[in-house]
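Undergrad: Sequences are here, hints too, so could you generate the full structure?
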Amino acid sequence: MRNIYLIFRRDFLGYVKAWGFWLSLAAVPIFLIVGAGFGYFAASSSPVRYYTVVEPSNVISGAIEAEFRRTQARAAQDAAELAGHMKVAVNEAQLAEAAPDRKFVEVAPPAQSVEALQPYLTGEKMVSGPSGEKPLFAALILSADGRTLEYWSSDVNVSGLRYSAETAMRDLSRRDALLAAGLNADFLKEADDRAVEVAEFRPRDEAGGGSAVTVADRAPAIVAVALAYFLWLMVFSIIQYLLMGTIEERSNKIFDMLLTSVKLPELLAGKLLAVFAVTSTMMLSWSMFAGVGSAFAASQSPGLTELIEPFLAAATDPGLIIPALISFMLGYVLYGAIFMALGSLCDTIQEAQTLLSPMMILLMLPMFAIFIAFQDPGSPVIDYASWVPLFTPFLLILRMPQDPPMWEIVAQMGLMAATTVVIVWLSTKVYRAGAVHGAGIGDLMGMIKGAMGMKPKAG
Amino acid sequence: MGDAPLIMSGATKRFGAFTAVNNLSFEVPRGQIIGFLGPNGAGKSTSLRMSLGVMQPDEGSVSLFGAAPDVQNLRRVGFLPEERGLYKKMTARDTITYFARLKGMGATEARARANELLETTGLGKFKASRISKLSKGMAQKVQILSTLAHRPEFLILDEPFSGLDPMNQQTLEDLIRAEHKRGATILFSTHVMEHAERLCDRIVMLARGRKVFDGTLDAAYATLGRGARMAVEHGFDLAAALAPKGFEAHRAADKGPGDSWRVSLPKGLGAQDALRAALETGAPIVGFQPEEARLRDVFVSLVGEAEAASLDAPTPADVAEAA
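Chain order of the listed sequences is A and B.
For the first sequence, position 188 matches number 188 in the numbering used here, and the numbering has no gaps at all.
Convert by adding 1000 to the 1-based position in the second sequence; the result is the number in the numbering used here.
Only true hints are included.
Here are the in silico distance ranges between beta carbons for each label pair:
(1) Asp347(A) - Ala1222(B): 44 to 54 Å
(2) Leu13(A) - Lys1133(B): 13 to 23 Å
(3) Lys1133(B) - Ile349(A): 14 to 24 Å
(4) Glu1292(B) - Met1(A): 53 to 63 Å
Think of the hints as simulated: they come from the structure by calculation, not from any bench.
Virtual Cβ for every residue (Gly too), placed ideally from N, Cα, C.
TA: This is how it looks when you write it as structure tokens:
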């Protein structure tokens, strides 16, 4: 144990003393803060743009204005629903404030023809509006036959106004059609309001009948996906550490010094633990950042605690967390042993990079399964794929909220454990060949055949 | 027997069809300095790695302090591999401390020992420097100190002089003598016979994986027999001329004027007798030197000139140093 600790300590300190570790550690919170700040800044700094509508009447102008008001009303409604979930009391004024500011403001047409509007659209002349004098961002001109609304703008990359105009035109057309059929404009809304509401329930043994589906019902599947993704992220993160760490030892010819001081299994265990500790430190730090952020948010919005509680309950449910921990442990050892063995066959980073592509492909497969599970947790694809030992660590976690038969859980865990033992045994052989005999990637197949008692082809 | 630091009995190691070490047996008695000699590819490093348990022999056995090599008895051993290397981002002091701790030393003692070794070898002011910041010679010194830090009873040094400049070679020779004086048993491999001549009590010679000699330096010289070097004008057959006088002569590869010959001296006759006999035959002598016994000549006599020529080939460490 002492030797494992010494190997672990040296490797762990080696990793955490490197700049790259601290950069990686800081990158996620910085990225989140900068990303959120950037999004807020992008939204708040977007300038107010003037547009004008050239038409004989105010019909189109009114339809576009109505569309903008509907958009703002929807945003206010979403904010009200969120506030309701979080049990935060808000008044109408606050809701109106929460809605995004209008970025497109209509002004009176400074001219009636395209030619005359050109100087305003190109910025040679300005128009006056609520935000002062500005160039005209867009002009919407109804054709003489009334069948085309021409959208003129120098900036073709900002499409918000055009989309709103298209939506407004569709609504206008629908309203005209209803009027022509002798129906009033509120007919469709009335019809929508009378539609039968679909309410979601779940049968519950203890209740006898069942009750409405809540966040608590969905939480286990969401937590399972999060845990599976967490394991995937951890395995993905260790590739670089294990490959680079082992290459350093091979290229620096340190193996002989190490192997005359510690047993090979001690060396491998110490290294795996060190990388586990490094990735755990990162994940723990990020989790603490998320926890502090959540606690702060909860202190501001007491209702948030109720929203988080079902997820905490799911994450601490023994039925999920015990198989998840076993899968974590076995999955980490299984993939860690593979990467470390492969690293021992490489002399250079370039050589290791040739191994990264197949490794990425191998790791993308469970990632696809995680996506499938997110959309359809009960998918048979997940059930079948979970029997493949390399994928079991991820997919067994995903299956747990579906309450699979106990024999399947036990069988899959047993298969995964047996595979991990075989992989660790093979990896130890490969590592020894790389570390002691200087074997390279080209020797890999021969070594595996040799380890399995098959004679490699001569020549 | 069981107390000897190392006993190798009939050890054989094959890599596919190639036999790197063939039925090798030798013993390293306590308190001696043993030279493990042979050209590159003779099987020295493979034998040393087998003696440390890094590799297992295909046949035969290895006994380290009376048992198969394992982590426990390896704690009594300090090993310097032929291919040197350290963690480049670790400091000199941390490196020595780390390897001493892996050999069982406590943290405080290992750190104090690292400081002491670095101070006594003139590297004190570099103790907090990373290995990557040290010169190659300094880094090699740190690796040697890492081998010695835990005060091993038995030192195994694989080509320790390779890659060192003459000054550092002398420092290492002094260090080996100091360790021997402390009581350590030392086994070192080399292809440079002069180091062995200066340091060893006994030598084991290897060629093509086989042991060709095992004994003291005196015994090694005795295998050679006494002789004299003569150079004659090109084309003169000295062997034929001296045969009737009772002297045996063989062509030698020495560089110099004319053709070089080695004349063996029969018991009771000296180098001057051989010179006199040659002059009597009218041999056109252009050079003469009574022979001073050298290990290289012993090796030539045991394995032949062609094999001995590979003694001059550089080791990987030499190549790296040259690069």
